[in-house]
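Generate the whole structure from the sequences, applying the supplied hints.
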Amino acid sequence: MAAWPKEPRLIGTKVPRLDGLAKASGKAKYPSDVRPEGTLFGVVLYSPHANATVKSIDTAAAEKMPGVKGIVVIAGQGKKLRFQGDDIAIVAAETEEQARDAVRAIKVDYEVLPHCVTESQSMDEKAPQVFDGGNVRKARAIVKGKPEEALEKADVVVEGTYSLPVITHVCLEPHGLTAQAEGSSKITAWASTQAVTVVAGELAGSFNISPADVTVLTEVMGGGFGSKFGADIWGRTAAELSKKCGGRPVKVFLDRAQEHLAAGNRPSATGHVKLGASKDGKLVAMIAETYGTGGVRGGSNFPLPYVYDLKNSSRAHAEVSVNAGGARAMRAPGHPQGCAIMEAALDDLAAKLGMDPVEIRVKNLAEVDNVRGGRQGETINRTPMYEAQLKLGAELIGWRDKYKPRGENGKGVVKRGLGVALHQWGGGGAADKQVSCTINPDGSVEIKSATQDIGTGARTILAMITAEVLGLKPTDIKSNIGNSTFPPGQSSGGSTTTPSMSPPCLAAATQARAAFFNKIAPALSTDAETLSLKDGQVWVNGEPTMSWKDACRKLGMASISETGKFADGLSSVGVGGCQFAEVEVDTETGVVRVKKIVAIQDSGLIIDKLTWESQVYGGVIGGLNYGLFEERVMDPTTGVMLNPDMELYKLAGASDIPEIIVRAYETEEMKNRGVIGVGEPPTIATAAAIANAVANAIGVRVPDWPMSPRNVLNALASKEGKA
Amino acid sequence: MKAFDYAAPTSVADALKLMEPPHTAALSGGTDLINRMKDYVSSPERVVYLKDIDALESIESSSKGVSIGAGATLAALLEHGEIKKTYPSLWKAAYEVATPQIRNMATVGGNLLQRPRCWYYRAGNGLLALKDGKSLVREGDNRFHAIFMTDGDALFVNPSSLAVPLIALGAKATILGPKGERTVPVAELYRVPKGSQERELTVQHGEILTKVVVPATHAKNASYEARHKQAHDWPLALASVALEMDGQKVGSARVVLGAVAPVPLRSEAAEKAIEGKALNHESATAAGDAAVKDAKPLSMNAYKVQLTKVAVKRALLAAVGDRYWEEG
Amino acid sequence: MAAHDLKDDAVRGHSRRDFLRGSSVAAATAVLTGQATTAIEEAKAAESEPKVLSGELKITLQVNGESRSCTVEPRSTLLDTLRHRLDVTGPKRVCDRASCGACTTIVDGVPVYSCTTLAVACQGKKIETLESFDTGPAGVPHAFHQHDGLMCGYCTPGFVTACKALLDKNPNPTLDEVRRGLDGNICRCGTYIGVLEAALAAAKAMKGA
Ligand SMILES: Cc1cc2nc3c(=O)[nH]c(=O)nc-3n(C[C@H](O)[C@H](O)[C@H](O)COP(=O)(O)OP(=O)(O)OC[C@H]3O[C@@H](n4cnc5c(N)ncnc54)[C@H](O)[C@@H]3O)c2cc1C
Ligand code: FES
Ligand code: FES
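Line order of the protein sequences matches chains H, S and Y. The opening position of the first sequence corresponds to residue 1 in our numbering, with each subsequent residue numbered one higher. The opening position of the second sequence corresponds to residue 1001 in our numbering, with each subsequent residue numbered one higher. The opening position of the third sequence corresponds to residue 2001 in our numbering, with each subsequent residue numbered one higher.
Read the hints as simulated data drawn from the structure, not as lab findings. Careful: at least some of the hints might be erroneous.
Straight-line distance between alpha carbons at most 30 Å, and here's what the computed BS3-like set of lysine-lysine pairs gives [to be verified]:
1. H/107 to S/1002
2. H/79 to S/1002
3. H/64 to Y/2058
4. H/55 to S/1131
5. Y/2051 to S/1038
6. S/1277 to H/107
7. H/244 to S/1002
8. H/29 to H/244
9. H/595 to Y/2204
10. H/565 to H/609
11. H/402 to H/279
This is the structure:
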């Protein structure tokens, strides 16, 4: 059975991504760049209303418009439109300008219904009940121990309400695909997706054909963050339009506004929390009532209590429905919300106790917090890991010298503050994925799998593993992914791609090497056991004997092709991490500037250190956006989103980026665990750490994210009793 | 964007002729107009591109001041040594506008005549955003809206960062139209629309803004912008001051506020508060307080009152080289 | 495409002119009123006026040193023209509203947002997209590659182009100047650290070359 090499040459080093130069020179072709001969442009007509019924729809005038080749109505007469941005029809025309004109020529008569677009609107007693089963669905509290009793006995209790807004994914490449139907029996699609296989299945389903007759291609793609796992109605309709238009390719990609409105979001979260501890800072109980909205789709629940050990807790969550686009998984679903609320309450408690925030965290880790270790059945305790991470992080941020208790950060108008937060994540590998590895007589090596690279570096990682085994350079390997017809590959989500794909890749390369040795050993007049591969050479008994290329020639006409399967023990699940933030808050303007973030993350055996670090940086920056800037703003009266853009929907630019220090917590024990993904964990704790640093700086909790001048000034005013 | 006819004259005279038909819009950098057209907020039937007219682009300084062509880009303005030296309030305001690419495209004329960014207006609810007689702004999310003159229906804020220092510096705008040329103080480019048939701009159909002239000055002048993001973002409050000093004291002052009212707003209260005083933290703070005396914030933007106060105080202190907030 | 005419500017001084499309209203009016001679005189006078373009137009653009012809409308943006008509797909369409920088293109030496630039206005101008940049070790793309200044890579063309333009103008930028020079671009994957490193490395490499 394949095992990770004890002394790897490549694994763990920094290897620039294989497709990096193509991307950086504009030559990489994204699905939205592809324009096969004869392509028609599809434009979506979507609902301008938050809640309405289509009384009638008339496409006659639009059909006759110049360039129009086909229209598919998605929401016909009588159909409900449940949010602004809900799909009504798609027009395909020779040019995009023509398709847009035609969309505006479709006549829709709406019966406009009452709507609720914000949580408070929907929760109001007098609110129109716009959802089957009610606007608000309260789940029964999950109770552990005796929280009420324990709180009574607690030495200190803090009580607070914390809230985080809905944010949207803002993938830079919009959702969509270009579909080309060959009659009713075959489809090719160039899709911007995190899961070529799922898209293929969906398109096959809508055409009633086998997934094998669908080819979904995703050579590269422009970001998904959890929102791009299917063909969606847009992709399925593009395929239908292509069929309708005699097989001409039809390209449907959303405009930016609809991206915000309909292509997913991270649910909001509000928590009313009571947290109690004994004098020495040991948590005794938590009672939390929380709610959030996932729009029309639900899914706003999140983990709470989070990370820390609580013997007594009660948690009741209410799902609030609003007339807004449905939530989709977004980078560590639920965790950033749970982390922010837990860590804020914990910090407020520490402040009340006059305790150091790092100390109170260490004190409240569970004695035993087991996650999977290296071998099957083996576990390791995460608690000492957290302790070590906190120690390292505190050193790197300069905690000992810089930390001052809350509100004691100087007399000037600009206050500095430090904050910290912990997080955890699962991940893990799926057991049914495969990779094929082919060694050709010309010396070329190709690996194939129906996974895709969404920017994580998956393509490069697979090449590195293969090159490691075959003694070649990563650039010698053709890493062929992003094609649904290849051996079944993992969707890119949940930080599962690398742990799912690395084991079968290692297996494929190892099997191929064995087959290769068996094939060429006779030509080298030796036994396969004497052979090894290094530096592009075949070695016999530890002596370089023949170049890789020459050896491959000995294969004659036949390539070697092996398919590797997932094997246990090469990847693992369950990570933790901590982040520290240093901020400056201008107390006159409420402007927060993050000066430095330290992110300590474990993630098992790291394959490509360069892309690994990039992902951690990216996670931190995503968390910084969540902490400082992002917020979907809905208008209660008209029911529309007021900032469906990239201007008033605020995202950090280069000048907003602080110094970021990233460290892998990568002990031998960690390496033995095998591969674990890192896409999600490092984005969890950032917004929490920033908010804690802000509270530390200005002496008062800013209970509402983002840390905007408005929210900060409001908190300062309430401290002065001017609220 | 609706289809339109397009012409690109190379002389102002040709441009004026082309501008005659109704529903014609002048196009300069396009960073405002094209966005509005894509959102169907404005749908001109003819677009007259002014950037091929070299005559509109020049920036010239003389003993009388500096004349800035309406077609000069913000990038060109920023590269002009004289502007940086004599009119730091203007330079700084331009420096903080938007992004490098926008500053390369956007013109001074377009900046002054850009339409409000009120999100209700941009979502197609009309400039005043009234629905069934009620103000969507008043009832809705007004975090970025006006805190002054809020008794009326115009609750958007004037978006031009350049107008603020230009008014403080006493600049005049020259407008050419079918009836000839007129020159007005920059402040008079704007008005508070009284009904939904009125625009917030006084420039009439068929007219072209050709230049602004900033008079020569010895006034100490500075601007301060409070904003959320460091990278491109709109001001939440902006103040520009121009101070004629009388020895150690402020002789006469001009204080203009941006992003807080439907027009760039001169604050006579702040001016009075600082005139005759030595400029220090105390007097600057008092002037900031005076500036917001008449503020009447809406439901969600009381924080802008604080920002306006601070912007005035900081602009005043910056004019005499005190940037205390940068020292921590 | 949030539908329909909800959004037309309420402020219009005049009634709509639906069927008259010409360079001179006077001439067209004259035709309608039957005063043909006046119309012809007016039309002659109008000859010196610049042409009013309308409907489908054949234009030629200088893209990356090549003359490229295609059919557009006056409303076609430079970005859509490059991408949808000329298959120059380096510049990306992301916000389509002058806020994100993904479409950054260099026109006559200056980086602009091509999503907010009309293609007709670019005739006769020198248009450069990143496909024309040096991909060797002294170029900006190489630095982005080596420093992993990209993840999904969809913002990358815009950053690379803005960076190239910045370095052409200021070959020795400080870190803060780099930040400010790239403030017109947004990355959602969060690659800024690699981007900033790449920009500084490219500055060095360009000088070394
Ligand atoms: C992300 C972003 C951030 C921004 N931040 C700021 C900011 O902080 N501060 C700020 O001030 N602005 C900001 N802006 C707006 C930007 O500065 C303006 O869009 C720009 O200055 C307009 O200039 P332009 O030449 O592109 O105008 P255009 O879009 O070409 O024209 C604007 C308007 O003026 C009219 N017009 C143009 N020139 C003339 C003329 N010579 N005569 C008569 N009418 C004319 C046009 O018909 C149109 O109605 C921002 C924009 C964006 C996209
Ligand atoms: S696409 Fe042009 S700036 Fe975003
Ligand atoms: S690399 Fe994906 S958006 Fe920048």
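Quick rundown of the hints versus the structure:
no.: 1; hint: H/107 to S/1002; verdict: 17 Å, holds
no.: 2; hint: H/79 to S/1002; verdict: 29 Å, holds
no.: 3; hint: H/64 to Y/2058; verdict: 24 Å, holds
no.: 4; hint: H/55 to S/1131; verdict: 23 Å, holds
no.: 5; hint: Y/2051 to S/1038; verdict: 24 Å, holds
no.: 6; hint: S/1277 to H/107; verdict: 66 Å, violated
no.: 7; hint: H/244 to S/1002; verdict: 27 Å, holds
no.: 8; hint: H/29 to H/244; verdict: 26 Å, holds
no.: 9; hint: H/595 to Y/2204; verdict: 26 Å, holds
no.: 10; hint: H/565 to H/609; verdict: 25 Å, holds
no.: 11; hint: H/402 to H/279; verdict: 25 Å, holds
Violated hints amount to a single one, hint 6; each of the other numbered hints is respected by the structure.
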